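These protein sequence lines map, in sequence, to chains B and S. Residues in the first sequence are numbered from 1 upward in steps of one, following this note's numbering. Residues in the second sequence are numbered from 1001 upward in steps of one, following this note's numbering.
Because the hints were derived from the structure by calculation, they are not lab data. Small disclaimer: the values here were computed from a predicted structure and weren't measured. Some clues are possibly wrong.
[Stated by the list, open to error] No more than 27 Å apart at the CA atoms, straight line, and that leaves these computed lysine-lysine pairs for DSS-like:
1) Lys264/B - Lys1245/S
2) Lys1086/S - Lys1175/S
3) Lys347/B - Lys169/B
4) Lys264/B - Lys1060/S
5) Lys1060/S - Lys1175/S
6) Lys347/B - Lys157/B
[Stated by the list, open to error] If you want the footprint, here are the derived chain B segments under chain S, 3+ residues with CB under 8 Å:
7) 133-145
8) 161-171
9) 183-194
Where a beta carbon is used, it is the ideal one built from N, C-alpha and C, also for glycine.
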Amino acid sequence: MQNKLAYLFISLLFIWVSACRVDPNVKVKADLPVNDIRFVVPSGFPPPVYNFSGNPLTTDGFILGRALFYETKLSKDNTISCGSCHQQFAAFSHLDHPLSHGIYGLFGTRNSPALFNLAWKNDFMWDGGINNLEVQALAPITNPVEMDEDLNNVIIKLQNDPDYPTLFKKAFGSETINSQRLFWAFAQFMGMLNSYNSKYDKYTRGESGGNMSISELNGLSLVRQKCTPCHQEPLFTDMSFRNNGLSINPNLLDTGRMHITGLKSDSMKFKVPSLRNVALSQPYMHDGRYLTLMDVLNHYTSGIHNYTTLDPLLTNGIILSNQEKQDIISFLQTLSDYTFINDARFKDPN
Amino acid sequence: MKTTKHIFLALAITTVLFSCKKDPESSTPTGSGGTTTTTGSLSLEFENMVGDSELVLTTKNYINQNGDTFNITAFKYYISNIKLTKSDGSIYTESNSYHFLNASNSSSLAFTLPNVPYGTYTGVTFTIGVDSVRNVSGAQTGALDPANGSFWSWSTGYIMVKLEGTSPQANTTTKALTFHVGGFSGTNNVLKTVSPSFGGSTANVSSTVTPEIHFKVDIAQMFKSPNVISFNSISTIHMPGANAKKIADNYASMISVEHIHN
């Protein structure tokens, strides 16, 4: 009798122990190093707009967000992920693609923007239509010329995936998959994509690796004189919407910010992009019309179109000598953050 | 000795059974310190009508104030921030008060507010739409889940009232009517906070009575007054702006109290 009871107790104990353990055979898309998932406000940066209050940043939340970022099931035909048009080596822009490239070979109307320092942005997209980092991902997922998928379908696909219920449980405490958790995880990954270790940053912080050449320093000085306040340090954007004098593309007829506000005074205004990582993320402008930085500078010196909403700062263009253009380009290359584009934490885990 | 073993076994089984379960929801007594309960419930029911006819989706035709014929294939709207006023002037505010009403899902058209203090209620106030705070607060769930389909992906914000249908008078090639009415800020704000009159009736919440307030939601009013809408001139609204505001000024008076059951 005593033996039987002992056996019973031991087997019950075994059930108890195994019931509380996560099955080690579940394949978790988390092979890459994810040490040190902490949000850092770099020295000299302002306080972030998105501070993870209400969506506490965790390693498991970040891992889930990363898995989702590289998940092709988010698209209707399971062919493309966010990472398809936001490539890490191009600072999460789409290198060599003037316009975003969706499923079925469809093209969007705008240049896929680089993704970094998103926690400092008060709105998103070239037209600022999205007002919170957490709901940004919904736009490309549902856009018919991007991923063209329905949010409910995405959730069903993830529920039926062998890995995601476990990943959601690790991140949020239960296997429930809903859009709020999906978007929270996205925000945790995207909010961690921060670029602040370029040569320029090392220069401003007085760190090793921050020795700038005379040409680069001259370029910095020129950017400060001629490219501000639009491309204001340290983020190299003032987040405003401006018409920078681009001729209207007759095939796209993109009115930019006016698309959101409905105001004629916002016609052809677009969000000022950051200059960080600019040498890594060509082509340029909202429609990707310029292939090189020299093309961009030539636009500002001699290509300004004078529409009624043209930014007053550009009425007479920007005056730059050829040497000054070369110096600015030298400086812009110091804004390339190789730590960021090689950070193993941000790579596709598959 | 045998008793000890039994106790030991019982403990072991109990441990196994409960070790992996989360704490059960603590049953919160509504009265403090073990006193008797002092709150009950109150139900709200929304009856979608077009004029005096009950709304029938798709198969029934209606005529708007302008004389245009139309049918309705979808009608969805948000009711938020419900407040009840008691005869003594005190106010009950529903917490996390967001309700998504969808004409094609009858269970969404009636809901019950729990924990309403006993008393005689003489008025109700709520917002047609979703307050501006929740339009800028990122990922939401429940009634506010974007998966419900009344949320703009490309220009963040809730579609407060959505009506879709067809009309021979529509100016679209498919004769579609698309009224997606939203906008929460500045001059584009379409939020309407309304207080449909009880007309002298009261809703009496007690231990034995869960009052039911029946609202009539007159869809015809969306196109009626003060702005008579001709479908030939306006048949598509899919962003905030002047036309959305016209419809909102109309739907501000589309909900009235039909009767109250006590």
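Is the straight-line distance between the alpha-carbon of Lys264/B and that of Lys1245/S 27 Å or less?
18 Å, holds
Taking only the CA atoms, is the gap from Lys347/B to Lys157/B under or equal to 27 Å?
Given that 27 Å is the threshold and the Cα spacing comes to 23 Å, the pair holds.
Between the alpha carbons of Lys264/B and Lys1060/S, is the straight-line distance 27 Å or under?
Since the Cα atoms of Lys264/B and Lys1060/S sit roughly 40 Å apart, the hinted pair is violated (cutoff 27 Å).
Would you mind confirming whether the straight-line C-alpha gap from Lys1060/S to Lys1175/S stays at or under 27 Å?
16 Å, holds
How does the region 183-194 of chain B fare against chain S when you require at least three residues with a CB closer than 8 Å, holds or violated?
holds (count 3)
Quick check: do three or more residues in the region 161-171 of chain B have a beta carbon closer than 8 Å to a beta carbon of chain S?
violated (count 0)
Coverage claim, chain S over the region 133-145 of chain B, checked by counting residues with Cβ within 8 Å (three needed)
holds (count 8)
Does Lys1175/S sit within 27 Å of Lys1086/S, going by the straight-line distance between their CA atoms?
47 Å, violated
Would the hint linking Lys347/B and Lys169/B be met if the CA-CA limit is 27 Å?
Holds, at about 22 Å.
In terms of the numbered hints stated before, the structure departs from hints 2, 4 and 8, listed from lowest to highest.
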